[in-house]
Amino acid sequence: MLNYVLRRVVNMVVLLVVVSFVGFWIIQLPPGSILDVQINRLRQQGGNLPEAQIQALRERYGVDDPFLIKYWKWISRSVQGDFGTSFQTDQSVGERIFNRLGISLGLSLTALLFTWLVSIPIGVYSATHRYSIPDYVITFIQFLGLSIPGFLLALILLIVAAQLWNQPIGGLFSPQYADAPWSWGRFVDFVQHIWIAVVVLAVGATAGLTRVMRANLLDVLNMQYVQTARAKGLKEGIVIWKHAVRNAIHPLVMALGTLLPALVVGEALIAIILSMPTIGPLYLDALRTQDMYLAGTILVMLSALLLIGNLVADLLLAWVDPRVRLE
Amino acid sequence: MSESTTQTNSVAAALVSEDDVIRVQDLRLNFYTNLGVVRALNGVNFNIPRGKVLGVVGESGCGKSQTGLAIMQLTPSVGRYEAGQILFREFASKEPVDILKLDKNGPDMRKIRGNNISMIFQEPMTSLNPCYTVGAQIEEAILLHQTQDKTESRKRAIDILQKVGMPNPERIADSFPHQLSGGMRQRAMIAMALSCTPTLLIADEPTTALDVTTEAQILDLMRDLQNEIGTSIMFITHNLGVVAQMCDEVVVMYLGRVVERAMIDDLFYDPKHPYTIMLLRSIPRLGVNRDMRLESIKGSVPDPYSQVNGCPFHERCPSAIPGVCDTIMPDEIFVAGSQTHTVRCHLYT
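Each protein sequence line maps, in turn, to chains A and B. Plus 471 on top of the position in the first sequence (first one is 1) and you've got the working numbering. Plus 2 on top of the position in the second sequence (first one is 1) and you've got the working numbering.
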């Protein structure tokens, strides 16, 4: 077990190095550089820029360095925890990312938890009451959830929350709580701000996983061991939850591996609509302005998330199903 | 229907001994499916005397498995009981209860399931839950019906595993089903079924999926345990060789009806119903001329969605009497001179 985890971690490190190299290479492929963006900005603000100053900036950013040197500068310092400085704001990349990454991760994990908490019971109900009216209603809502685009749902919910329920919307906190210490009022305010994002993020995955849960459980309910459990005299509830669901839950566990980074990336559009300070909009911006260190670091972070998610999913699966061997 | 039913019942009633574990009377079961109504059981009558092994034979779809499931009230939800009763008597001194009157998922029925009546299924590969250890699955039944004490249930589980001939019961108890062979899994199933020393064990083709050597071992084991514990067994199979080895009495079913019932020797040496006779002829035997073709029963079982007039076997029967067999349903009657042998055929009226 420990052996397996160690081996997986070593693999992950190798993979991350490859991803960072290829990613960094692709990010710097487009013509031009952050310098052009900066020069344009400075020119707009203060007219002409002396050639000497441009040269100084050029050296400072290392724009003319060959690719391998740029990569080495970035990766060697990143390993020590210094991800470089953002060209755009002169803030350290770490500082800019981690705050937002935390919010993104928190949001995604909440959405994932929401997905599971909703899709497992509903899927089970739907399977055990197949072809009943509630099952049809659930199926209908599922298809609605699958087909409605996230940004549209976000807009609709924003309108509903603001107009009908008079809730504060946009951002993470209302102004009066922005810098206040944590209190009950601040918490309620926080929940009021993020629930839309959680729901929108979770709705597609929930609809899909409910469907998967239903189909899987229907298969498992036909298995002989479910009949065996009934023949033992167990209550129907125990038969379903202890003997059937545990055998039907694999895809939901495996979904953890793929869902986590998908949620982190998927929130970009929604975060822009809800003006949430998460990683998605930052990533988009970094790519647009060719803020190489920032974009590269985010890419590596997201890859790491995917790999960690997969590892956790594999470990969970081995715990759920003893037939899975970690070798 | 009513007249023939009463008559059938009287014959069946004359046949039953005082101390029956199970008495099935005029059991009728229909399945309402999208394609139409399947008449699975059309008035099944039989009884299982205490401590005996009753074989139930017949080809696929004759209702033998459904009869077993009906006794456990595990019939699929599309099934409806149209008539009949299943009387279960735990002790000779206890009043019989009609199982079909109990709520399917109610506490009374759950107390009977696994405790008084337990069941072994055909597929040992899939009848144990892959997520739990063999020991945990056996203990589950013991904890449910017998004791609340975990160390005691563990001890009993290991005891019963030893009884079914597991070489290293502690290790087997901690194994998962996928780590065991088919024969071992069936032993584990038998251990689970017998863990609460049931009054009746329903074995639904328990050896069909096993190879011949393992089959012989499992049959020996069941016979030994039956002698030791005194459990009555309802042995459902399509294999007449297994019946000869295991059973005291035999019921032959065809299309949801019992067509013949006899003590084991009578069935093999003096079969009456043409269907039974043909079933026996279709078994290959040692010492018979090799060039002789094995007999088969011509035709096939009628479409389950249709209803057949008269004797359901008349279309395939070589001795069918035109005008009688295809119009009138024969009653279940005693074979002349016997108190135990019944047959449902116009040839013997």
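These are computed hints drawn from the structure, not numbers from a lab. We treat Cβ as the ideally placed atom computed from N, Cα and C, and that holds for glycine. Hints are not guaranteed to be accurate.
To be clear about the criterion: a stretch of chain A counts as covered by chain B if any three or more of its residues have a C-beta under 8 Å from a C-beta of chain B, and this derived list gives those stretches [unchecked claim]:
| hint | segment |
| --- | --- |
| 1 | 572-578 |
| 2 | 685-691 |
| 3 | 764-774 |
Okay, derived cross-link-like pairs now, DMTMM-like style, lysine to aspartate or glutamate, Cα gap no bigger than 20 Å in a straight line [as the list claims (entries may be wrong)]:
| hint | chain 1 | residue 1 | chain 2 | residue 2 |
| --- | --- | --- | --- | --- |
| 4 | B | 54 | B | 84 |
| 5 | B | 106 | B | 92 |
| 6 | B | 300 | B | 328 |
| 7 | A | 544 | A | 566 |
| 8 | A | 706 | B | 176 |
| 9 | B | 106 | A | 707 |
| 10 | B | 96 | B | 176 |
| 11 | B | 96 | B | 110 |
| 12 | B | 165 | B | 154 |
| 13 | B | 152 | B | 125 |
| 14 | A | 706 | B | 110 |
| 15 | B | 54 | B | 250 |
| 16 | B | 54 | B | 328 |
| 17 | B | 96 | B | 84 |
| 18 | B | 106 | B | 125 |
| 19 | A | 713 | B | 267 |
| 20 | B | 103 | A | 707 |
| 21 | B | 113 | A | 707 |
Against the structure, the hints come out as follows:
1. 572-578: violated (count 0)
2. 685-691: Coverage by chain B is violated here, the residue count being 0 at a Cβ distance below 8 Å.
3. 764-774: violated (count 0)
4. B:54 / B:84: 29 Å, violated
5. B:106 / B:92: 18 Å, holds
6. B:300 / B:328: Answer holds: residue 300 (chain B) to residue 328 (chain B) is near 17 Å, not above 20 Å.
7. A:544 / A:566: It holds: about 19 Å lies between the C-alpha atoms, which stays within 20 Å.
8. A:706 / B:176: 24 Å, violated
9. B:106 / A:707: 10 Å, holds
10. B:96 / B:176: This hinted pair is violated, its Cα atoms lying about 39 Å apart.
11. B:96 / B:110: 15 Å, holds
12. B:165 / B:154: 16 Å, holds
13. B:152 / B:125: At roughly 29 Å apart (the allowed maximum being 20 Å), residue 125 (chain B) and residue 152 (chain B) break the hint.
14. A:706 / B:110: 11 Å, holds
15. B:54 / B:250: Judged against 20 Å, a Cα distance of about 6 Å means the pair holds.
16. B:54 / B:328: Violated - the C-alpha atoms of residue 328 (chain B) and residue 54 (chain B) are around 36 Å apart, more than 20 Å.
17. B:96 / B:84: Roughly 27 Å between the alpha carbons, so the hint for residue 96 (chain B) and residue 84 (chain B) is violated.
18. B:106 / B:125: 24 Å, violated
19. A:713 / B:267: Roughly 46 Å between the alpha carbons, so the hint for residue 713 (chain A) and residue 267 (chain B) is violated.
20. B:103 / A:707: 19 Å, holds
21. B:113 / A:707: Between residue 113 (chain B) and residue 707 (chain A) the Cα gap is close to 13 Å, so the pair holds against 20 Å.
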